[in-house]
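*Asks:* Build the full structure now, drawing on both the sequences and the hints.
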Amino acid sequence: MKVELRDPNIVMKLSKLGSFHQSKLSFLRSFLKEFKDWEYKRDLFELNTLGFGTAIYSFKKNNRVYSLICFANQLDKNERSDRVIATKWDAAFTLHDGVPSKQDIERLRNEVPKQEVGRLSYKELALSRANKSVRVFNHVVDSLSEGKQPDISLLSNVGYLYRTTAVYGSGKFGLADRFRIKDREEIYGPFRLEMMLVYLVRQFTFDQVNYVAKNKNPKKAVSLDPEICRSLGIGNSTGLGMAPFIVNHPTLLNNWILARETALKEIREIEKIEKKDSDLFTAYLKKSIKNITSWNTDSEYQQKKIKSLLKDLNNFISFIDKDFNFSNEFAFNEIYLWLENNSGDECIEYIVSMMMEPYDKIINPLIKKMSSEEDRYFDIPTNRTVIELKDILESKYKKILKIDFSKSENNQNFWFISKNKEEPRLADRFKEKGSDLEQPLAIARDIKKLYETLSISKNSCTMDKFLLENNHLRHVVRRAFIVEKFPYSEIQDNTISKSIVPIDMLRLKLSFFGALKFDPRSNKWLRICMFQGAPLPEQLENFDDGWVYNSLN
Amino acid sequence: MKSLSEIDMVSKRASRAAGFDWGIAEEVGKNTRMLELLGISGIKNLNYYFKIRYGKKFESIKLLSKENKKTQLEYCPIIAGVNFLDQVRSLENLNEIKFHNIAFPILFLPFISRASKIVGKKILLKIDNKEFLLNYNKSIYSNFLNDEIITIGNIIVIKFLDNIDSFRENEWKELYKLSENTFVEENDSLKQGAAGAGLNDND
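One line per chain: the protein sequences are A and B, in this order. The numbers in the working numbering rise by one with no breaks, and the one at position 524 of the first sequence is 524. The numbers in the working numbering rise by one with no breaks, and the one at position 202 of the second sequence is 202.
Certain hints may be false.
Among the chain A residues that face chain B by a calculated CB cut under 8 angstroms, a handful are [stated by the list, open to error]:
id	residue
1	Ser121
2	Tyr122
3	Gly171
4	Leu175
5	Asp177
6	Phe378
7	Asp379
8	Pro440
9	Leu467
10	Asn471
11	His472
12	Arg474
13	Val477
14	Arg478
Calculated from the structure, these hints are not laboratory results. Every residue gets a Cβ at the ideal spot worked out from N, C-alpha and C, and that includes glycine.
*Replies:* Written as structure tokens, this is what we have:
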């Protein structure tokens, strides 16, 4: 039986993309698998008794070394802020390519804590900073120094000791450009080095908390139980900065979604499900409910989504337990069709992620296809005609072309770059100044304009002639020809409408990172947790890939 | 040192701020990145050109022909470049194209380099006495090695080069003959069995 890939007009709706969950394709999981046989080391740990100083961690294999350099600084409580406008953080980090020399460390000590206003070099691969969850960190220090383990329920509620507020890579602030490293096999998957940075930062937070507790009370202090460490991750606060990324990298977005859709299609096409595979699916599914019931958020929007997810999942489990037989032909296809008829998007996408769990054979080859050589698709094929482009728009942007942009609610917002922080922002064009400096992220509106202009042009006119008078539409002409080749490269929604929920864009990206427990703090930023439940570096060599579902929280 | 990604981003934004459409600004970002990667002074020329643009008008040529001459104003290198890139498939038939007075011709160069890849032909670009051999947008070979700003190209000639070998046939034959020394002479037994299909591969 052949199953079709799901329709991009449905999959690429923001409400659908905003319902994606982590899966075996997620970057933090594929990072752990790739680096499991690398040699992990703590190369330097020079902190004072309060935990401030420098530490270095590394992964090494053959002649390749990646080193995380950590600078932990004293921070006045009034200076601590997760907002992007902050200028100081509890700790700052960079991932260095190779073993850093003394001069490198001194150079980086000067630059890394400054973050966006510092300068990195081609020898650095990623940059980040993080703040303590002071309440949790202090509680853990106090408990350990008294010889006790901390209160698990407090730790479960928060899920981490530190949260990062940005992780930068690929050429930002002087960091190495991707072309320098893209041929290294170990980093074929996207964001692999950023994942490494976050993973090693997590280990630093455990080492630091143990060290501070030990120094507070050398005779009585105990170390944080490794099982508790494992149940903690790294928090992350993410704002709008991440949203335009998925608009600005259409072929990359396509490759992520296409990998997921191909996995689903191939799983639905399996005729006979082996018992061990259906058992694993069911076991992980039931275990994972714990992740959902411990998902804390004050956001009404997210609470509603969790509630509907839980209700649908319980329905689904009861269907699986009572009415379903995995020995039916094409059982996962039957499951998928049942879900489409009986569940909301949150639950459908949750189960799609779960279906991948038994199938390394399908997933592993797809992971290697999730990067993109974007420049290959940059040139506009100017020998193509108006009618050809019109056909592309009619087939790829069906719903977009029906939007009436003369209505203010469809044209309500504009994206701009903040002069203060050089970060993307979204504002109401009818209330705020600055829409004359709008970024080219109103793709739906500009595609509609392009369509209207094409409609009054001669069908046989080639693009070189069309662009002579219409270069103001050049950015969307280029885009449409990319979308023709890459079906999942475009969000099928209006990114400037009054009803836009930007956190759906963030959640899409974060789900591919492998984030858990999305906690929206407004419709423009959210908190998440990464690597919660993941093996510690010493456990990497032989870890259970289902660790996500074994989380204690 | 600035990364190429920073160079691309800042050039793109500066081009937009200088009044170009977003789609053209994207082209300039990619071009400047390419120039800097190849060691040609993209940022210097772009920065100086944008400074000059504030007080001076430039001609925006649209439809290109064999000889493009404007006596009063200099051509904008970006608009001339974009249109060359877009129209290159028809311009190729003209074999040689001439421009008079292109401002900051280094900014025009990457468009021609990219055009070389599109038509699959090497292009020889002459900017007065400076020569650039553009190889399918893979590399640039030139007699111009300093990083000065060139504010004007008085005569610019673009020549599409035929896809022909750069060596003589006898040079090829000599080298080929030497390469034959890595081959094994097949005896009957090898002819019979080594290719897999035998002596007769018809059904």
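*Asks:* Give me the numbers of the hints this structure contradicts, sorted from smallest to largest.
*Replies:* Hint check: nothing fails, all pass.
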